[in-house]
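Dock chain to chain to rebuild the complex, using the hints, since each chain is given by itself in its own frame.
As a plain string of letters, each chain reads:
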Amino acid sequence: MSTQHCFRTSGLSGERITMKISQGIAVVLALLVAAPAVWAAEAAKEVVCFESREGGASDVLQREIAPGLLNVRCSPTTGGVLWWGDPYDGTVPMGEMPIEADYSHAEAVVKPRSAKLTLLPICGVACHNGTYPPPPKNKDPRKLTMHMDLVPDSMNLQHGRGAIWCLDCHSAKTRNKFIGHNNELYDFDQPQKLCGKCHGQIYRDWREGIHGKRIGEWATTGKKRWFVCTECHNPHDIQQGKRNSGFVQLKPEPAPRLPKGVYNADHERHHLQKGAAHGEAKPASGGH
Amino acid sequence: MTNKKIPVTQPADQSSCSCSDAQANPACEMPDDNVSESRRGFMKDVGGLSVASLMGTAALLTNSDEAQANTEWAEWFQGNYRLMTDEEKARAVARLERRYSSEYGKKVTVDTTPAQDGVLFGYALNIQKCIGCRRCVKACVQENNQSRGEREIEWIRVLKMEKGDFSVGKMKDGYPGDFGIQVGGNAYSASGVVLEGEHYYEPEKVPDADAFYMPIACMQCEKPPCVKVCPVRTTYREPDGPVVVDYNWCIGCRMCIGACPYWARRFNWGKPNLPKEEMNPNTHYLGNRPRMKGVVEKCTFCIQRTRKGRYPACVEVCPVGARKFGNLLDPNSEVRQILAKKRVFRLKAEMNTYPKFFYFID
Numbered sequence: 001m002s003t004q005h006c007f008r009t010s011g012l013s014g015e016r017i018t019m020k021i022s023q024g025i026a027v028v029l030a031l032l033v034a035a036p037a038v039w040a041a042e043a044a045k046e047v048v049c050f051e052s053r054e055g056g057a058s059d060v061l062q063r064e065i066a067p068g069l070l071n072v073r074c075s076p077t078t079g080g081v082l083w084w085g086d087p088y089d090g091t092v093p094m095g096e097m098p099i100e101a102d103y104s105h106a107e108a109v110v111k112p113r114s115a116k117l118t119l120l121p122i123c124g125v126a127c128h129n130g131t132y133p134p135p136p137k138n139k140d141p142r143k144l145t146m147h148m149d150l151v152p153d154s155m156n157l158q159h160g161r162g163a164i165w166c167l168d169c170h171s172a173k174t175r176n177k178f179i180g181h182n183n184e185l186y187d188f189d190q191p192q193k194l195c196g197k198c199h200g201q202i203y204r205d206w207r208e209g210i211h212g213k214r215i216g217e218w219a220t221t222g223k224k225r226w227f228v229c230t231e232c233h234n235p236h237d238i239q240q241g242k243r244n245s246g247f248v249q250l251k252p253e254p255a256p257r258l259p260k261g262v263y264n265a266d267h268e269r270h271h272l273q274k275g276a277a278h279g280e281a282k283p284a285s286g287g288h
Numbered sequence: 001m002t003n004k005k006i007p008v009t010q011p012a013d014q015s016s017c018s019c020s021d022a023q024a025n026p027a028c029e030m031p032d033d034n035v036s037e038s039r040r041g042f043m044k045d046v047g048g049l050s051v052a053s054l055m056g057t058a059a060l061l062t063n064s065d066e067a068q069a070n071t072e073w074a075e076w077f078q079g080n081y082r083l084m085t086d087e088e089k090a091r092a093v094a095r096l097e098r099r100y101s102s103e104y105g106k107k108v109t110v111d112t113t114p115a116q117d118g119v120l121f122g123y124a125l126n127i128q129k130c131i132g133c134r135r136c137v138k139a140c141v142q143e144n145n146q147s148r149g150e151r152e153i154e155w156i157r158v159l160k161m162e163k164g165d166f167s168v169g170k171m172k173d174g175y176p177g178d179f180g181i182q183v184g185g186n187a188y189s190a191s192g193v194v195l196e197g198e199h200y201y202e203p204e205k206v207p208d209a210d211a212f213y214m215p216i217a218c219m220q221c222e223k224p225p226c227v228k229v230c231p232v233r234t235t236y237r238e239p240d241g242p243v244v245v246d247y248n249w250c251i252g253c254r255m256c257i258g259a260c261p262y263w264a265r266r267f268n269w270g271k272p273n274l275p276k277e278e279m280n281p282n283t284h285y286l287g288n289r290p291r292m293k294g295v296v297e298k299c300t301f302c303i304q305r306t307r308k309g310r311y312p313a314c315v316e317v318c319p320v321g322a323r324k325f326g327n328l329l330d331p332n333s334e335v336r337q338i339l340a341k342k343r344v345f346r347l348k349a350e351m352n353t354y355p356k357f358f359y360f361i362d
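So the sequences go chain by chain: A and B.
If you read the first sequence in the numbering used here, its first letter stands for residue 1, the second for the next number, and so on.
If you read the second sequence in the numbering used here, its first letter stands for residue 1, the second for the next number, and so on.
Each hint can be trusted.
So the derived list for chain B, only partly shown, Cβ under 7 Å to chain A, looks like this: (1) Cys133; (2) Tyr200; (3) Gly326; (4) Asp330; (5) Gln337; (6) Ile338.
Treat the hints as calculated values from the structure; they're not laboratory data.
Think of the CB as a built atom: it goes at the ideal place given N, C-alpha and C, for glycine as much as any other residue.
Chain B on its own, in the form it takes in the complex (with noise of 0.2 Å):
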């Protein structure tokens, strides 16, 4: 689903050659003798914009509070960025940039690099390995400029697990007391006892002896109920994989938080607050840049940095890599290799979204 896909029907091409390849281009002049006046100057001054968010890279730092005020306003107008034309959103950018630039008191970049052919990632994560140190939630933090402080906000959980008990001799202990999950036999005899996985753990040292330890963030579904729910299909999945959100299409209803099986999605109930020297210059349109109030956010495999090559920050970070990505394309990659030797699940398998995340153990 690439604006390649999507039939264009912005004048995109009408406005870039009207002004500029009229005595060029005949044609381009041809439709000129039937607009009038007004729309004659409509089309100029569309024209000129672009050239101006063109030059608007340049004159990033100057910031006045026209521009200021002409970028929000723009910002109200912009479209899905789906439908948008690469015109439309080339001077969406700039204006991001421009805003980003000054509120951050350095250079921003606002990448829309689309994904490429023959790519689609997948994550495997060795829920063997993992030590519960929690690393991965932090990098994220910092890589993807979420929310600090009074209103955090963190994409990745790791939930503290007891580890499970299937022995035979507990077949006949029956139903579980007042706390914990069942796990296994039947509605009358349970087969075993689980408690549940626990967010808040702060012990001296990790790991625990008797536990083992889950992170879970975004499974990037192929089926994805949260794009299902949408009611203004601003979530939507990428073509490479990640389920993004265009943040200035969403409408803040959180009928994707209601709809997702993994707790994945995050909301902002204020405005993000994103320390000026933490800020991670070097953003995604439909990744890491700063987030508004009343928008919606969630994991994208960091896709600032693998449209670029670059592993996930959470890859990177974790200090016993447990924490695999790749191309599911590749019979090579690294995730390939685990799908092929290594006992692997999906989280909620049942539920049919076809996660592109794994977890495996040795």
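For reference, chain A alone in the conformation it holds in the complex (with noise of 0.2 Å):
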């Protein structure tokens, strides 16, 4: 049960090569293709985790950093990170801050994420270095030419209510690069800097802590890591449908111990069937 929720064996993403490639296994890169069946026996002993959001974006090696002392552990039925040893570890420092905020006195660090982006480095240089394909004359939806694997929501970019789409973002000529209003260049290890353009509120709400996740010291004064925003939101399908709450859905930890003679939660599901009898069957509300 585990191995299904920490352990992806499918659907394996440029981000995995890439932590493959950091610890210059490129033999396991071989088993990979090769033999599907040793390269989970191979996963079995690593266990990868995600920090707040699913598929890929968050994820971290398990690892000790210390003796005895892991970097982080793991909920064995999530695969949730459920503690940090060093909240600190693999972070570099945010840089400059928010002209807005005065941040002198607080030291900030982030995770860098382009490091989990295998294909960010080359896109620079190698395929998009001045060619790139003509500028297309409308936002619709489009099959990409060549990266539906890197972008497989791209036919469904649930973000801006179709009001923006990829170039918006994405620099058509910088492809390792965010691109603002004003042409202006931001990496992607700073998102927030794009984002607050059209999200102010919350960007400042971010800036002041309110917003967002952080960890580390409490003090204002303290080092603290904070997450920017592509670490808990995919920007392409932010909107969560129904709830449209910008977060994935995600597996919940397992439910609490039922006290001492008490064998199921049906007491509880009663309500719970009634409550959705109630919420559909308008005229019965009340219970009348």
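What follows is the structure, encoded as structure tokens:
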């Protein structure tokens, strides 16, 4: 059960491959192609769990950072990170801070996301170095010539309710950068600068620590790792259907143990079922 | 209510100077003329014991039956934590570290870091953001050495709540039927009905579109009813906010559990089941050190972490960043920003418990 959730054996992403390369295990790559069974056995030893959002963007490889101290401890049932041994593991200084806020007193670090995006350095030099397809004339969704595998949700972009599309955020010329309204370029590690252009109120909340996630020291002057927008939100499908919360649905951790002598939670389900009927059949509401 | 404020009547200073400083400090030697041989011997023993306890850290992993027995013997005669002198605390800590280290097979530290001046911990939870994934619950269990398995104890409960409905159209619907809780209106006409909170929800995915989720743990009240009822005064409020329990002084009467309006306290009905490999060795005396059978435990805002500057475990683990923590006395802290800018409520505010746990919405 744990392997099913913790180690994704299918849907191999570019991010996973980067991790492998960074470890210098090129052999594993060969194994990946040749023998999935061997790969599964190999994967059983290493635990990959996700920090905030599932699906590769916030995956972290479990390892020992000091004798007896793991960088993260993961949930055996859902594969989510439950505990950080070192909250600053693998982070870099956030760099230039928003000018409106005074952060000279605090130390802010982020986990560079570009390190996980395999093709990012290649985008800049190899394929899209000055030569790129002619700019499309409208913003209708279309199949990408090359990268359907990279952007599986390109045909179903759920962001901006049809008003925006790929090249409103991604630079057409410098493919490894974001682009703003005034053709200014932003790094993939600093997506908040781009996102904040439209989502100003949320950006201000994030800057002040009301929105978003930080780990590390609680003191205002303490060192904190800030989670940037794309570590929790997938900008390509941010409108999550009915709930529209901007956060992908997750498998929850197991429910608490029932009290002694109680064998099921039907007393709650009873309410739930009635509740469902109550919600659907409007005239019946109120119980009469 | 720190130990600083309580007048110390224990003979800590005497015992520390009577043996080692006797020659250097004549004032220490003076009372010795008036004490009998047995008393002098007693004082020497005390001095020897304190030296032994200091050395105890080095000899942590040596586990002899005699030491074990001595430890348990001494624990029975240990005082209330708030009345202990610093020396007594050091001895108690050394005893506990020795016992836990041998029991769990690793180097366990028991911290006694006191509250900092100018710090009052506050907690804020964005109830609109919570997705009910229960990761805070499990992170808390790992961090705070709660009992697992058969005797599972979880300090945080996440309630799945039906979304409320206050529509005008329902104003005349009358009294709720055979289920649910009346919302608003009066005894004769409710303005709406909500269902009771669900503890044991287990869908494939959360959040459910029709629900919101309300995590509940200790509210760290400023006027805690649990503290008022404790007959032995083992539970009390620390100067920086958390309500804590001195497990050794707890008699297990469970009065506090009955008094708490938030269902925040848990009782160890049996010996807690804490696997060695999962035990968190960084503990605090008033926080996550392993508990014994028959004592009450509760959330302490992760006192072992927050006193050292780290966020509580549940704050760090929340995947949606719904949980915020900080110093209420610092106007720039995250919690103060929330109090200033967001719509905030406290659970059961009408009980006048003045919780330091705030729920807010965007």
